[in-house]
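Using the sequences provided together with the hints, build the complete structure.
What follows is each chain in one-letter form.
2 protein chains.
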Amino acid sequence: MTEFRRDPIAGRWVIVNHEEQIDPKEFSMLYPAVQKVNQDKCFFCPGKEWATPKEVYAYRPDGSPADAPGWKVRVVPNKFPALVIEGDIDRRPVGLYDMSNGVGAHEVIIETPDHNQTLADLSFEDMAEVIKAYRARLLDLKHDKRFKYMLIFKNFGLSAGASVEHDHSQIIALPMVPKNVHEELLGAERYFKYRERCIFCDLWQQEKQEAERIVYENSQFITFCPFVSRFPFEMCIMPKEHMSCLAELSDNALTEFAKALKDALKRLQTLLNNPPYNFVIHIAPVQNEYSEEKEYYHWHVEIMPRISRVAGFEWGSGFYILPGSPEESAKMLKQVIW
Amino acid sequence: MTEFRRDPIAGRWVIVNHEEQIDPKEFSMLYPAVQKVNQDKCFFCPGKEWATPKEVYAYRPDGSPADAPGWKVRVVPNKFPALVIEGDIDRRPVGLYDMSNGVGAHEVIIETPDHNQTLADLSFEDMAEVIKAYRARLLDLKHDKRFKYMLIFKNFGLSAGASVEHDHSQIIALPMVPKNVHEELLGAERYFKYRERCIFCDLWQQEKQEAERIVYENSQFITFCPFVSRFPFEMCIMPKEHMSCLAELSDNALTEFAKALKDALKRLQTLLNNPPYNFVIHIAPVQNEYSEEKEYYHWHVEIMPRISRVAGFEWGSGFYILPGSPEESAKMLKQVIW
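From first to last, the protein sequence lines are chains A and B. In the working numbering, each residue carries its 1-based index in the first sequence increased by 5. In the working numbering, each residue carries its 1-based index in the second sequence increased by 5.
Don't read these hints as lab results, they were simulated from the structure. It should be emphasised that the depicted structure is a prediction, and the values quoted were computed from it without experimental measurement. Be careful, since some hints might not be right.
Which copy is meant is left open, so a pair is good if it fits within one copy or across any two.
Capping the alpha-carbon separation at 27 Å, the derived lysine-lysine pairs in DSS-like fashion look like this [as the list claims (entries may be wrong)]:
id, residue 1, residue 2
1, 271, 299
2, 84, 30
3, 84, 339
4, 150, 53
5, 46, 30
6, 137, 59
7, 41, 30
8, 184, 339
9, 150, 299
10, 336, 198
11, 198, 184
12, 53, 153
13, 53, 30
14, 41, 213
15, 184, 264
Here's what the structure looks like:
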């Protein structure tokens with residue numbers, strides 16, 4: 006049996022193919038486990054701080070000086086940035102097209118000094134420090150009036166697009182809102198105008214009632230396989246309390262988020278033998294205190310294992326065919342003991 | 006130097022990184038050439054017609070009977086379809102979500118009886134027969150009132166999502182319009198209302214004036230690397246005459262399209278050493294003779310080589326970072342002699 010499902014926020018359709026078996030073992034043969042081999046040449050390791058641009062943030066419990074060993078989390082500008090921090094936006098037409106200078110920030114969050122550790126293997130405490138780095142960078146970059154959006158994401162493993170194997174995530178500050186977030190904003194606004202409620206708040210409560218797609222839950226966060234997943238074992242982590250940006254996290258909530266994120270990554274790692282994955286953190290655009298987005302947008306994390314070959318024509322159509330069902334994915338992920 | 010570029014039709018932004026070198030040799034090391042090895046087990050080869058569902062179309066110059074050898078192009082329902090042809094749509098809500106039965110058509114166009122041949126290697130005449138099969142299937146499927154859209158696409162090579170190595174393309178008939186096409190329709194309609202002209206017609210003329218992204222041109226078709234490409238060596242093929250659907254092609258124009266498509270695929274094959282790729286044919290939704298889409302939508306082909314690793318977070322953000330520039334891609338593709 007197959008069925009169509011429609012995402013009420015982005016308006017995206019997927020075909021869910023209940024008949025296709027999803028066997029974690031088969032996937033891990035298609036996409037071999039992520040392995041780390043290039044420690045000697047690694048510029049993200051302690052002692053090589055000279056090889057990166059100067060740090061813009063670091064967690065140094067031992068009080069060590071900047072750009073020296075001793076850090077547990079370190080944030081540096083990307084040495085080969087997609088965008089440059091200096092200059093004006095200078096948006097202009099080229100015939101029918103729009104273009105502007107590539108102004109923005111592009112930073113790398115080095116999540117651990119240990120070359121062989123992965124984000125999933127950090128302790129809760131160390132994971133919380135990584136998230137504090139995210140929060141600090143968001144709060145800092147917000148002050149730059151040229152930027153409308155900050156995108157935090159992680160590429161883990163070669164086939165997920167990672168070009169450096171030492172674990173890291175990235176943050177890009179942009180003078181525009183990326184398309185997928187823009188669509189979510191429109192969808193969420195439409196719902197809010199009609200129902201005067203946040204659609205994300207309603208969504209996680211529906212998920213909780215139906216229960217079959219829930220993977221994990223703690224006092225403040227909930228993890229589930231979305232009803233309209235695009236990939237097998239896709240997960241979404243959402244704060245239960247309405248909150249439009251990760252930067253609003255209290256220290257207490259941040260600890261709960263660290264637990265939820267570690268849990269999700271450990272389940273993936275265990276079930277699929279350390280697969281390549283991406284995650285993206287969707288937050289509201291940069292706001293002033295009167296922004297309406299605050300009411301209707303709800304930040305969340307999308308975790309996408311990069312294990313399925315069935316991603317052929319999706320780029321060109323925006324139409325997804327999902328092997329297996331999110332319900333089956335959730336069941337397997339939930340059973341993982343780590 | 007990097008710059009932002011915005012697609013005026015879909016509203017998508019990309020970052021073009023002029024500084025990053027795109028070396029065809031390097032790409033072909035990352036993604037080894039597509040090779041074919043499983044001829045004995047192939048169910049798309051002549052003599053194995055019994056192993057597929059019964060054909061719905063075939064080109065048999067020798068007048069051979071259906072479901073027997075002798076064909077040059079053969080179209081059969083997918084044996085493992087994402088959708089089933091029987092049943093009603095039955096759209097219904099599940100709480101906040103929408104869903105419906107997976108009703109639709111899913112067919113496979115086997116482009117050649119020769120297991121070791123690729124679409125790019127067909128003669129113009131044989132390529133034209135493949136396109137005649139597309140046209141015939143579109144015209145036939147249009148009669149089914151349940152379907153709003155027909156998507157023709159091709160996955161070539163394992164990493165582009167092909168699960169059968171014998172060259173084939175696919176057609177899916179859907180009860181809804183896929184997201185990316187829907188967005189193009191909205192963008193094109195907006196432009197038409199403002200300027201009373203088709204944006205695609207204007208686009209190819211701008212491309213022709215600027216010239217630097219043109220790869221190929223014949224009397225009726227033009228091939229260029231889009232100003233807002235998402236992938237290195239991405240190409241778009243467009244009819245010069247305004248036409249909303251491939252099904253409207255005259256035999257004469259169809260021959261010119263066959264030349265343009267073969268040319269584009271040969272250039273890719275030669276420059277990048279037989280790389281994996283996808284193509285998608287975007288047409289207007291199923292129409293009656295009064296449909297407004299006829300005026301503002303313009304069918305075209307998007308060809309996307311699957312060679313870049315830089316496709317990490319794009320899934321989650323809709324924001325693309327393009328290594329190299331479309332101008333550079335076009336220059337290299339144009340220089341290819343095949």
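Quiz prompt | Intra- versus inter-copy proximity for residue 264 and residue 184 (alpha-carbon distance at most 27 Å) | solution = neither (30 Å within a copy, 35 Å between copies)
Exercise. At 27 Å max between alpha carbons, let me know whether residue 198 reaches residue 184 within a copy, between copies, both or neither.
Key: For residue 198 and residue 184, both the intra-copy (21 Å) and inter-copy (23 Å) Cα distances are at most 27 Å.
Exercise. If the cutoff is 27 Å on CA atoms, where do residue 150 and residue 299 land: within, between, both or neither? Let me know, please.
Key: within (18 Å within a copy, 43 Å between copies)
Practice problem: Please work out whether the CA atoms of residue 53 and residue 30 approach to 27 Å or closer within one copy, between two copies, in both situations, or in neither? | Solution: neither (38 Å within a copy, 31 Å between copies)
Exercise. Indicate which option fits the pair residue 84, residue 30 if close means a Cα-Cα distance not exceeding 27 Å: within, between, both or neither.
Key: between (37 Å within a copy, 24 Å between copies)
Quiz item: For the identical chains here, do residue 84 and residue 339 meet the 27 Å Cα criterion within one copy, between copies, both, or neither?
Solution: Neither: 39 Å inside a copy, 33 Å across copies.
Quiz item: How would you classify residue 46 and residue 30 at a CA-CA limit of 27 Å: within, between, both, or neither?
Solution: between (32 Å within a copy, 24 Å between copies)
Quiz item: Within a copy, between copies, both or neither: where do residue 53 and residue 153 come within 27 Å Cα-Cα?
Solution: neither (33 Å within a copy, 58 Å between copies)
Self-check item: 27 Å Cα threshold - placement of residue 339 relative to residue 184
Solution: neither (32 Å within a copy, 31 Å between copies)
Exercise. Tell me, please, which holds for residue 41 and residue 213 at an alpha-carbon limit of 27 Å: within, between, both or neither?
Key: neither (38 Å within a copy, 48 Å between copies)
Quiz item: Quick one: residue 336 to residue 198, C-alpha cut-off 27 Å, is that within a copy, between copies, both, or neither?
Solution: neither (35 Å within a copy, 49 Å between copies)
Quiz item: Given a CA cutoff of 27 Å, do residue 271 and residue 299 count as a within-copy pair, a between-copy pair, both, or neither?
Solution: For residue 271 and residue 299, the Cα distance exceeds 27 Å both inside one copy (31 Å) and across copies (51 Å).
Of the numbered hints given earlier, the model fails hints 1, 3, 4, 8, 10, 12, 13, 14, 15; all others are met.
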